[in-house]
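S.K.: Use these hints to put chain B onto chain A, whose structure you have.
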Amino acid sequence: GENVEQHPSTLSVQEGDSAVIKCTYSDSASNYFPWYKQELGKRPQLIIDIRSNVGEKKDQRIAVTLNKTAKHFSLHITETQPEDSAVYFCAASISNDYKLSFGAGTTVTVRA
Amino acid sequence: GAGVSQTPSNKVTEKGKYVELRCDPISGHTALYWYRQSLGQGPEFLIYFQGTGAADDSGLPNDRFFAVRPEGSVSTLKIQRTERGDSAVYLCASSSVVPDTQYFGPGTRLTVL
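Here the protein sequences line up with chains A and B, keeping their order.
If you read the first sequence in this note's numbering, its first letter stands for residue 1, the second for the next number, and so on.
If you read the second sequence in this note's numbering, its first letter stands for residue 113, the second for the next number, and so on.
Chain A extracted, bound-state conformation (with noise of 0.2 Å):
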């Protein structure tokens, strides 16, 4: 099955400073991969998505960015907030699969 890595595990930065999250997977088939926001004691949100036919989609202070070749894709955030703290979970389904395989998940906060 898949299995998504997510590196890392906890990340801090000054508001207004730029975070990024990395992640890997192992099935060269998936194809949808989504990010979603979760704060502490609430339910997961999508914040954006990419598909494997595009390689970088962005969305205000948010983009994602998918490498195919090496099997990792990245969330960037820009001009970082205190409403930005949450952990972030990466995903990915394989082509017309439903499943989503969970990184760990990152736990960011934003220093004000």
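Please note: incorrect hints may appear among the correct ones.
Below are the BS3-like pairs computed for lysine-lysine, each with C-alpha atoms no more than 27 Å apart in a straight line [claimed, not checked]:
| # | chain 1 | residue 1 | chain 2 | residue 2 |
| --- | --- | --- | --- | --- |
| 1 | B | Lys123 | A | Lys42 |
| 2 | A | Lys42 | B | Lys190 |
| 3 | A | Lys68 | A | Lys42 |
Read the hints as simulated data drawn from the structure, not as lab findings.
It should be emphasised that the depicted structure is a prediction, and the values quoted were computed from it without experimental measurement.
M.R.: For chain B alone, coordinates are given in the frame of chain A:
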């Protein structure tokens, strides 16, 4: 509109007891998923429904776990003879088509004493 809802939000039970966890998906969503999230980990897939049928239950850890979705909407995850290792947050998600964005519920925190 209303999102995915789950009840109860918290469930404390004793080892060996039976529990039922309920999920109400977003109206009109045909696909429904159950995941389990242990402390400090990402969600792990348990089972997936397309309509009323379980299309894939390969993530269920053993035969103590069972899930139903009799009318293609609400789903119930059933755990028999609970063990302390079953303690986790059980998340439900739904999507309108497959594969597509999965929207998660708030989860049920199960604690087995």
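S.K.: Each hint should be assessed against the structure and marked as holding or not.
M.R.: Here's how the hints hold up against the structure:
no. : hint               : verdict
1   : B:Lys123 / A:Lys42 : holds, 16 Å
2   : A:Lys42 / B:Lys190 : holds, 23 Å
3   : A:Lys68 / A:Lys42  : violated, 31 Å
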